[in-house]
Each structure stands twice: as C-alpha cells, then as structure tokens.
Amino acid sequence: MKATVLVRPKVGILDPQGDAVRESLRHLGFAVGDARIGRVVELELDGGDPAQARAEVERMCEQLLANPLIESYEIELIEP
Amino acid sequence: MTERGSRPSVAVVVFPGSNDDGDAAWALRALGADALLVWHGDGELPEGTGAVVLPGGFSYGDYLRCGAIARFSPVMRAVEGFAAAGGPVLGICNGFQILCEAGLLPGVLRANASLSFVCRDVAVRVEQSRPPFTSRAEPGQRLVIPVKHGEGCWYGPSELVDELDSAGRIVLRYEPGENPNGAAADVAGVLNEQGNVMGLMPHPEHAVDPMLGSGDGALILASLVDAARDRMSMPVG
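First to last, the sequence lines map onto chains A and B. Here our numbering is used: the first residue of the first sequence is 1, the next is one more, and so on. Here our numbering is used: the first residue of the second sequence is 1001, the next is one more, and so on.
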C-alpha cells in the first residue's frame, strides 16, 4: 500500500516562501491572489489493512512529518 | 566530587552538519570550562558532565524541518535525561531549533520573514538575570551578539507568548528595531518551564572577546560555566 501525505502551513501562519513565489508569478504576468507552499511525502507501507495504515501514518505525522504548531496535514491512501 | 574552582565539564554535542562546535568549545575553554566534544551517536554523556551545549550548524542538512531529524540522535536521549534531572542545557541557533523540535523548548523556528539569510551583530535585552544562563548579566542589560541564520523566526501562538511572558521565560529579546527575522514578540531566547533549558538564536560563542567585536556573549556562556561548576560541586546522589 502507498500513502501520500500533504503537509501545509496552517491557515493564518505567515508563509514567506509562498509570498516570494506569488510575487514571482505576478512578475510573469499571472494573476495570483495567494500562494502557499507545503510539502508532499510519499510513503510505501507494509501491511494491507487501510484503517491500520491510516492510523500509522497519522502517528508519523504527529511525531515527525508535520509540526502541529504551524502545519496541518492530509493523508491519502493508495490501495493496490 | 569536584572542588569548587576547578574546571567544570561542559559537553558540546557534535551532530553531522554542526559547524559551531569548535567555536563553542573554544569559548567555553576560554571561560574556564573543560569542554568535551561528544559525537551525536554516543548514547551517553561523559561522566561528570555539568552542562550541555547544542551548537549551531545545519544538522542533517536541515532536512524536513531544521532540527527535526537531529532530535532522534542517540545522544538526545541522554540530553533529555540530563535535562529532566535539572542539568543545564543550552541550544544555540541550530541547537535551539533541535530543542524546540524535541519538545524541550516551546515554539518553533521558521524561515526568516525576509527570506534572507542574516549575518550581523544584533542588540538583545536581557529580560531576566537568573542562573544557569544569565546570572552574570543585569536585568535590562543590552548585549551585542551576532546572529547568522536563515531560519530563526521564533513562532508560538499568542496564548503561548503570553504564558511565556508572564512566567518570565522570554529571557532574551531583540531590542526595538533589531529583530532580524520577524520572531514573534521579538523573542531571541526562551527557557523551558523549569528554567534549566534555554535556546537562543544569537551566537554567544562568537562574542567572547572584545577584539572580535563584542565580548557580551561571554556573560551567557560564563553563567553556564558557573552553573556547571555549582552542579559538579553538589554532592552526588
């Protein structure tokens, strides 16, 4: 089984990287209101139980993949 | 038991990617400590360690988030145990980031608001004069200490800032107009609840000799050396 974790800066948290990218996009002539930059983590998991896999990836997020003070996360499971 | 007046041992942890370990050890030795470099893979601190310094650098290449990986180094278990037993632990720059990620200090360090790496002297104000980190400084004293970082913007939710402020745990603040990174509430250094773990973004080890621009950082490191000496002269048990 595979999982994709999407880590985002939380709403209300300043994202200077996103701001810089937004400005660059505007320089290129794109009408961009806001840009926010997160991170994607792709995981290959052992085991076949989706509920168990999701619970495990949640623990990974809480303990390492995201910092709950500033980041939120979404988990997508890709079953074979 | 160590006699008061002898050189106390201060462990300086070396992570892969640390680059201020040498300066930290040099500064601590100049201030009367016996500084021991400890490899991050060691599961224990040297016997008789009186204080621990986590130095600046880019441990593990700042992968994922700065400090996020270093906290899993074997030595961190020993550092956590040392801190839990009341031992003084000082994190400088990357060391501060590691202590925040490890949950030993509140908040998190993020990319500078300017997105620029800053490398310059900044003025900070000592908010609290207390052992083990600021006993040699006066409350309100202005210290000039260099910073050099790209991710030094301390952040905590406003409730956390209020809590830290009322408990006197914001121990160093950038002076008005000096905040180099956009840190919330001008936080340059914070303490844990027990007051024996501190992190700061400025580099006191680069400011221990007026010949190099400022000797103000020596007040912080010498406070730590005092605390290490006091700890080592305490009866064991």
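Mixed in with the good hints, there may be bad ones.
Just so you have them, the derived chain A footprint on chain B, three or more residues with Cβ under 8 Å [claimed, not checked]:
hint: 1; stretch: 1060 to 1074
hint: 2; stretch: 1183 to 1197
hint: 3; stretch: 1226 to 1232
To give an idea of the chain A side of the interface with chain B (calculated C-beta under 8 Å), a few residues [said to hold, decoys possible]:
hint: 4; residue: 14
hint: 5; residue: 16
hint: 6; residue: 20
hint: 7; residue: 64
hint: 8; residue: 67
hint: 9; residue: 72
hint: 10; residue: 77
Computed Cβ-Cβ distance ranges for the label pairs, DEER-style [to be verified]:
hint: 11; chain 1: B; residue 1: 1026; chain 2: A; residue 2: 37; range: 35 to 41 Å
hint: 12; chain 1: B; residue 1: 1213; chain 2: A; residue 2: 69; range: 47 to 53 Å
hint: 13; chain 1: B; residue 1: 1130; chain 2: A; residue 2: 69; range: 45 to 51 Å
hint: 14; chain 1: A; residue 1: 55; chain 2: B; residue 2: 1211; range: 24 to 30 Å
hint: 15; chain 1: B; residue 1: 1130; chain 2: A; residue 2: 28; range: 49 to 55 Å
hint: 16; chain 1: A; residue 1: 80; chain 2: B; residue 2: 1081; range: 40 to 46 Å
hint: 17; chain 1: B; residue 1: 1086; chain 2: A; residue 2: 58; range: 33 to 39 Å
hint: 18; chain 1: B; residue 1: 1039; chain 2: A; residue 2: 21; range: 24 to 30 Å
hint: 19; chain 1: A; residue 1: 13; chain 2: B; residue 2: 1043; range: 32 to 38 Å
hint: 20; chain 1: B; residue 1: 1118; chain 2: A; residue 2: 34; range: 42 to 48 Å
hint: 21; chain 1: A; residue 1: 49; chain 2: B; residue 2: 1036; range: 47 to 53 Å
None of these hints come from the bench; they were simulated from the model. The structure presented is a predicted model; accordingly, all values stated were derived computationally and were not measured. Ideal Cβ placement from N, Cα and C applies to all residues, glycine included.
Ascending list of hint numbers which this structure does not respect: 2, 3, 9, 10, 12, 13, 14, 18 and 20
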